[in-house]
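Residue numbers (the working numbering), protein chains in the order written: chain A, 211 to 352; chain B, -15 to 77.
Since the hints were made in silico from the structure, they are not lab data.
Remember, predicted model here, so these are calculated numbers, not experimental data.
Just to be clear, a hint being listed does not mean it is correct.
[Stated by the list, open to error] Pairs of lysine-lysine, DSS-like flavour, derived with a Cα cap of 25 Å:
#1 -13(B) / 280(A)
#2 280(A) / 2(B)
#3 2(B) / 27(B)
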Amino acid sequence: MLTITPEAWRTMVAHAREAYPRECCGVLLGTLAGEDERTATVAVACRNAYEGERRDRFVIDPSDQLAAQKRARAEDLEVLGFFHSHPDEEAYFSATDLAHSWPWYSNVVLSVRGGALAGAACFRADEARTRAEPEGLAYPVE
Amino acid sequence: MPKILIPTPLRQYAGGAKEVEVAGATVGEALAELMTGHESLRKHLYSDEGRLRSFVNVYLNDEDIRFLDREATAVGEGDTLSIVPSIAGGRGA
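Whenever a hint applies, use it, and build me the whole structure from the sequences.
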């Protein structure tokens, strides 16, 4: 289960809307209670470093990700996972998402239609990156 | 000795450590030292052909080693190596 605080959620939605009609991406930092109770308190908006059409692909800029990792250490938080948007598409975990994911992390996908948030879902990949299971997601209702 | 910062998904293969101090004069030697005693880490970091996997980024302090001398990059006292998972995707195939 991943719970997203209002402040983190605002950052995610704002980043997804700004990036529209391109995909946005970022890193989620927060706290862990056991393995499965995760609370994202900080969302770090990152640059989409994909060198092509960014309407349907993203690569989290690795230097932005390194900075987010450093922030997590400085603030005694964990990197819990990542988020990205699907412009004018459902919030599902695509084959491309799965192939380029890492196990353990929570992956939040935001559906953005016409520049407005239309849905969100969360997924976790298995060790072999062959399957992703839905993970419970709690976020503030706007 | 350089320090290696380990991302959460790999800590289970490194005895639960968040960071490890290792011997080694190069990035490659430092990673090899990290994997000594933690053999299951190897398959996550390196391909069967012995190449660092494409979805693993390694930074020496603030520099991506691909823009330095890759695994031959020299490391020393006070240096920090960060393993940064490469994360990508998208709705496109």
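Evaluated hints:
| no. | hint | in the structure |
| --- | --- | --- |
| 1 | -13(B) / 280(A) | holds (14 Å) |
| 2 | 280(A) / 2(B) | holds (13 Å) |
| 3 | 2(B) / 27(B) | holds (19 Å) |
The structure shown violates none of the earlier numbered hints.
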